[in-house]
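There are 2 protein chains.
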Amino acid sequence: MEEKEQKIMVAVDQSQESMHALSWCLSNLISDTNNKKKLVLLHVKPPPAVRSFDTGGYVFSPEVIAAMEKYSMELANSVMDKAEAICNAKDIITERVIGMGDAKNVICSTVLKLDADTLVMGSHGYGFFKRTLFGSVSDHCAKHAKCPVIIVKQP
Amino acid sequence: MEEKEQKIMVAVDQSQESMHALSWCLSNLISDTNNKKKLVLLHVKPPPAVRSFDTGGYVFSPEVIAAMEKYSMELANSVMDKAEAICNAKDIITERVIGMGDAKNVICSTVLKLDADTLVMGSHGYGFFKRTLFGSVSDHCAKHAKCPVIIVKQP
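Chains as they are written, first to last, in UniProt numbering: chain A, 1 to 155; chain B, 1 to 155.
Rather than coming from a laboratory, the hints here were simulated on the basis of the structure. Source: prediction; values computed, not measured. You may find that some hints are simply not true.
All copies of an identical chain are treated as equivalent in the list; a pair is satisfied when it fits inside any one copy or across any two copies.
Stated by the list, open to error - Calculated cross-link-like contacts (lysine-lysine; reagent style DSS-like; alpha-carbon spacing at most 25 Å):
no.: 1; residue 1: K4; residue 2: K153
no.: 2; residue 1: K70; residue 2: K153
no.: 3; residue 1: K4; residue 2: K90
no.: 4; residue 1: K70; residue 2: K143
no.: 5; residue 1: K38; residue 2: K70
no.: 6; residue 1: K70; residue 2: K90
no.: 7; residue 1: K82; residue 2: K153
no.: 8; residue 1: K90; residue 2: K37
no.: 9; residue 1: K45; residue 2: K4
no.: 10; residue 1: K113; residue 2: K37
no.: 11; residue 1: K37; residue 2: K70
no.: 12; residue 1: K70; residue 2: K36
no.: 13; residue 1: K90; residue 2: K113
no.: 14; residue 1: K153; residue 2: K38
no.: 15; residue 1: K90; residue 2: K7
no.: 16; residue 1: K143; residue 2: K90
no.: 17; residue 1: K70; residue 2: K146
no.: 18; residue 1: K37; residue 2: K153
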């Protein structure tokens, strides 16, 4: 019987916990004897000019917005480089996907769009204040993502 | 390098969803090439004489309590038999653990007591009204269980 390729999506951010979730995934879900699994790394950038300041109502100059955009792109690349290094150390090839917007919604919609079979993520991430105000991203995804969700906490 | 045996705990109840979570676990976490994994089936019975009636303040006769106890034990055995049949069909040996009390607390404390490495469960289960009143069991476990938690929804 021909098995469908399994697509495993790992949501990564700058937190140690998300890198731990990725390592857990490599050790527990992706065995080297089984090539029918594809790993997708997803990083979600905040929407432009909203960032952590979205409650303040500031209007930013184009220079500030450009600087924030550059910072957010650099952060995304640095997160992806770090995640890929962890995968490469285990000879696992990955695909990068960078999303933009509200993390919890973007993660759930990317699961649908890419038809992911499993979503792996840390339980924190995306900032203490946002989490306190709006609930954790992982709570939302565990409820709403259209595939099994694995929440890996930092030990 | 000697690997530690991985202990995977699956919380099962009478819901179709929890059996689906178990099947997912067998297909995705337990490969037959790897014997270093042990599967534990956990079913949590409600505490005696509380059942679904715990908001009514009824006092039950000993006969009614005994009948409820018998029903709850039969239900536990029927759930376990069903879960074991799914595992046996894939030649996977399991261990049964039956707990009693508030499901979310018992699941988290059993993870600790048995030193489980992974917890697998459905996202619903344990009744609509309880879930609405007290929040879902899986939400609680995803936050509080001391190991990675996999929430598998019925497709």
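Now the hints, each set against the structure:
1. Taking the shortest alpha-carbon separations for K4 and K153, only the inter-copy value of 19 Å comes in at or below 25 Å, while the best intra-copy value is 29 Å.
2. In this homomeric assembly, K70 and K153 never come within 25 Å of each other (Cα to Cα): the closest approach is 30 Å inside a single copy and 38 Å across copies.
3. Taking CA atoms no more than 25 Å apart as the test, K4 paired with K90 passes in both settings, with 23 Å inside one copy and 19 Å between copies.
4. Taking the shortest Cα distances, K70 and K143 never come within 25 Å of each other, neither inside one copy (33 Å) nor across copies (34 Å).
5. In this homomeric assembly, K38 and K70 never come within 25 Å of each other (Cα to Cα): the closest approach is 30 Å inside a single copy and 48 Å across copies.
6. With identical chains, the CA atoms of K70 and K90 are never at most 25 Å apart, being 31 Å at best within one copy and 52 Å at best between copies.
7. In this assembly of identical chains, the alpha carbons of K82 and K153 lie at most 25 Å apart only when taken from the same copy (19 Å versus 31 Å across copies).
8. Taking the shortest alpha-carbon separations for K90 and K37, both the intra-copy value of 14 Å and the inter-copy value of 21 Å come in at or below 25 Å.
9. For a Cα distance limit of 25 Å, the shortest separation of K45 from K4 qualifies neither inside one copy, at 31 Å, nor across copies, at 38 Å.
10. In this assembly of identical chains, K113 and K37 lie within 25 Å of each other by CA distance solely inside one copy; the values are 18 Å within and 33 Å between copies.
11. Taking CA atoms no more than 25 Å apart as the test, K37 paired with K70 passes in neither setting, with 33 Å inside one copy and 45 Å between copies.
12. In this assembly of identical chains, K70 and K36 lie within 25 Å of each other by CA distance neither inside one copy nor across copies; the values are 36 Å within and 46 Å between.
13. Taking the shortest alpha-carbon separations for K90 and K113, neither the intra-copy value of 27 Å nor the inter-copy value of 32 Å comes in at or below 25 Å.
14. In this homomeric assembly, K153 and K38 come within 25 Å of each other (Cα to Cα) both inside a single copy, at 23 Å, and across copies, at 21 Å.
15. Proximity of K90 and K7 under a CA criterion of 25 Å is satisfied in both settings, with 18 Å inside one chain copy and 23 Å between copies.
16. In this assembly of identical chains, K143 and K90 lie within 25 Å of each other by CA distance neither inside one copy nor across copies; the values are 31 Å within and 29 Å between.
17. For the homomeric pair K70 and K146, neither the shortest alpha-carbon distance inside one copy (32 Å) nor that between copies (38 Å) is at most 25 Å.
18. Both within a single protomer and between protomers do K37 and K153 lie at most 25 Å apart by alpha-carbon distance, with minima of 23 Å and 20 Å respectively.
Violated hints, in rising order: 2, 4, 5, 6, 9, 11, 12, 13, 16 and 17; the structure is consistent with all others.
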